[in-house]
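*Asks:* Chain W is already provided as a structure; the job is to place chain C on it using the hints.
Spelled out, the chains give:
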Amino acid sequence: MFSKRYIFTFPPHMITQSVIYKLGKDFDLETNIRRADIREDMGWVILELIGTEEEIIKGIDWVTSTGVRVDSINGDLVQG
Amino acid sequence: MVFINGLKCRECGRDYPAEALNVCEFCFGPLEVAYDYSTIREAISRDQISNGPLSIWRYKHLLPASGENPVDITTGMTPLMKAGNLGKELGLNNLYIKNDSVNPTFSFKDRVVSVACTKAIEFGYEVLSCASTGNLAASVAAHAARAGIKSVVFIPADLEKGKVINASIYGPTIMAIDGNYDDVNRLCSEIADNYPWAFVNVNMRPYYAEGSKTLGYEVAEQLDWQLPDHVVVPAASGAMFTKIWKGFNELACLGLLDGIEGMSFGDDQNSAHHPSVTTKMHMAQAFGCSPIVSAWVNNQQRVIPVKPSTIAKSLAIGNPADGIYALKVIKESNGSATATPESSIAEGIALLARTEGIFTETAGGVSIAVLKALAESGAIKPDERTVVYITGNGLKTQEVVESYVNTVPITATMDSFESAYSQLQS
Chain W
1487 MFSKRYIFTF PPHMITQSVI YKLGKDFDLE TNIRRADIRE DMGWVILELI
1537 GTEEEIIKGI DWVTSTGVRV DSINGDLVQG
Chain C
-15 MVFINGLKCR ECGRDYPAEA LNVCEFCFGP LEVAYDYSTI REAISRDQIS
35 NGPLSIWRYK HLLPASGENP VDITTGMTPL MKAGNLGKEL GLNNLYIKND
85 SVNPTFSFKD RVVSVACTKA IEFGYEVLSC ASTGNLAASV AAHAARAGIK
135 SVVFIPADLE KGKVINASIY GPTIMAIDGN YDDVNRLCSE IADNYPWAFV
185 NVNMRPYYAE GSKTLGYEVA EQLDWQLPDH VVVPAASGAM FTKIWKGFNE
235 LACLGLLDGI EGMSFGDDQN SAHHPSVTTK MHMAQAFGCS PIVSAWVNNQ
285 QRVIPVKPST IAKSLAIGNP ADGIYALKVI KESNGSATAT PESSIAEGIA
335 LLARTEGIFT ETAGGVSIAV LKALAESGAI KPDERTVVYI TGNGLKTQEV
385 VESYVNTVPI TATMDSFESA YSQLQS
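So the protein lines, in turn, are chains W and C. Residue numbers are given in my numbering: position 25 of the first sequence equals residue 1511, and the series is strictly consecutive. Residue numbers are given in my numbering: position 103 of the second sequence equals residue 87, and the series is strictly consecutive.
For reference, chain C alone in the conformation it holds in the complex:
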């Protein structure tokens, strides 16, 4: 069973049926899923969630695709671990890491793609598609393989070989486009318009984006149905940022959080804010691609697109579709937005690895660098409960931390070893 009424335009509020649509035909605003919360309220409970599968599909009532037979490669229920060592280094006594780098294809993208692929199968599509520079490509290919359908993935021709291999192993058709960033976007937009495929972040986008809400649900459940005081979230399109906030507010409005009375979602359910949800949402972007942060800092009403120039490729979206909604979430939550210098990204990766034994990719480095800045500035107080989201695995972007390789050459003798080792100790 799917608990949705259809789709609704975020700008003009027009209603649409639950079909493969993403843009309002009247105002060209983005479409969002409209839920049947009154039925969900009757059906959902903490016990029902706790007894569900150890995946994002334990929250099936709050996802826009049928949870009875989902395309699931066991995504979600990733660890939320207390980060004592990193916390000590940053002066934070109550710091947690949501480690989403351990998903099946090693990034949070499995959450959104699992929902999009399940919905695509419901709609009868036979091809799953996307344009990607890495994480999304692998996840789309993996889910299509699991579902037994074809996948067609578009990548820039100059993508690093390791990332191409990560996607190739699942057997997709991979089209390597020779062109600059704008060319690749333009062609993919054209293909999405002209082929009857489920393009996860185009015609499946309203459903796809909802998968990120599970990052909010899981943190709340793992904190015994309480919310953190702060979260630090990396942002590209801004969709994940807004959906974590939506997830927190859905749980609150449904009365699933500890000590919080449920309430109505109101007329505009996508903007519902329960007053007891006081988590501050902190956005992290890399300086070389920080259009949302720029808009926040300069108090702009609109996000001005930029050409990405960052080593954090998984965050390199110059024209973020959800930027304006992310700005609203920052304001509503009394949060912040910070662009970290490119030079601090590798330092952030290394700091997390050295203190907590977690190797993250560049997006995680951005999150840690921004967390550090927030702690140093006093924006996060030492005892406040803080969750930092680590959304991808470090093996995907090893090239940015090559400078941390520091081997000690020795010959195959005990003398050589002991001499070298004693020098290191002195």
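In isolation and in its complexed conformation, chain W is listed as follows:
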């Protein structure tokens, strides 16, 4: 089993969608939310995904396709 940590950033039109529920259900992933802030204009969730590497990759691809931005909790690593 793999564990990966991400920040999901929700644009306004995705805030009311049950993205994390579907991610857990459709991709057989355990979702473990550590911090979050949901507002009218945007929302973010810091969470851990636990599952097979293949399911995590598929799940993240799907989340990205919905318009939710997915980033590493470390921020961008490539620096000038």
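Honestly, the hints are just simulated from the structure, not real lab data. Do not take every clue at face value.
To be verified - To give an idea of the interface, some chain W residues facing chain C are shown, with a C-beta separation under 10 Å as derived from the structure:
(1) 1491
(2) 1493
(3) 1495
(4) 1520
(5) 1527
(6) 1529
(7) 1555
To be verified - Covered stretches of chain C (chain W as the covering partner; in silico rule of three or more C-beta atoms under 8 Å from a C-beta of chain W):
(8) 9 to 15
(9) 111 to 118
(10) 169 to 176
(11) 274 to 286
Where is the CB? At the ideal position from N, CA and C, for every residue including glycine.
*Replies:* Chain C alone, transformed into the frame defined by chain W:
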């Protein structure tokens, strides 16, 4: 001796030992160094600093690695010069340039990497690593060479040859990744998780970032232990911006600044703000990658990541790890955040070169362009003491100022020269 108690989560305040960690296991917040300020207060003095080496390690009490045997390629104590000509052009009578382009690998990155590499050696690591598009790669490779350890550097496959050479000469292993910006970030994150290396801006990050505080200490020392009214700082991750502010406040709380009584750091030492520190912190970003400025301008509580599209490659961080903390510093200091148009960056580089004889890279062009905008808007008054940070050397990004090449072709005769020269004078 190292004057630290360990690491502390910036979000939930949980304590951790001083190990190669960067994320809180409880809330996934970033970890910061927790100092033993009561011991530092007893040990540090202006005299002790002044008698120290001419490098960042003169401030060893306030750095999180041992200053007894640092990995130092003589980084720091870079010039703070009065910029009379540029000041005249901008209507600023009290303008200074902190010229960090003269560090050993020609950028401010030597400050942070010197600290990270020293700490990595303390921890027993044998490989120093990073992912970079230029400045950081060269600095990591140079410090690893000095320390006698290996370095592995990850770069995008399409990086300009000049920048690859700048890093290659120090003998690192360079991996050129074929992929877009997100691919490179993803792979490097994976490698950092799986290899027992000192990744300077991942598992070494709490220590690495502290090196930027020396940009604050030096300016204060060079101004005879006073602080400027304004500073203009370029921002990518936002870490340097927050650390300069932290440096000013540490000096104030420790009673090292002229006419300022020391005070306690309080419960949250990473947020300590001495009320006498009134320097306004002005952030400079390029329009093509300005997520922190956008959050500031739109009064957002969170920095929304962007895909970078700027000629200022050294500032091209779309998901800035310290963005939210930089927003707090802007607010606390009554500062500002400005995104300068991409077209003004080369103009800023040229303006600095033409007026002060300093050739900076694109990040410096961003700083100068924003300084100009702040002066024109009246945000900086003519007699206020202002420091603009120039963080890298122009030879690294010559391609963006190619349009300034203006040669006069002549043949190898005096007639040809005199004819051409007289035409130029008329």
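*Asks:* Hints first: check each against the structure and report whether it holds.
*Replies:* Status of the hints after comparison with the structure:
1. 1491: holds, 6 Å
2. 1493: With Cβ-Cβ at 8 Å, under 10 Å, it holds.
3. 1495: Since chain C brings a Cβ to about 6 Å from residue 1495 of chain W, closer than 10 Å, the hint holds.
4. 1520: holds, 5 Å
5. 1527: holds, 8 Å
6. 1529: With Cβ-Cβ at 9 Å, under 10 Å, it holds.
7. 1555: Holds - the Cβ of residue 1555 of chain W comes within 10 Å of chain C, reaching about 6 Å at its closest.
8. 9 to 15: Satisfied; 4 residues make the cut.
9. 111 to 118: n = 5 at 8 Å, threshold three: holds.
10. 169 to 176: This one holds; 5 residues, not fewer than the three required, reach chain W with a Cβ under 8 Å.
11. 274 to 286: holds (count 3)
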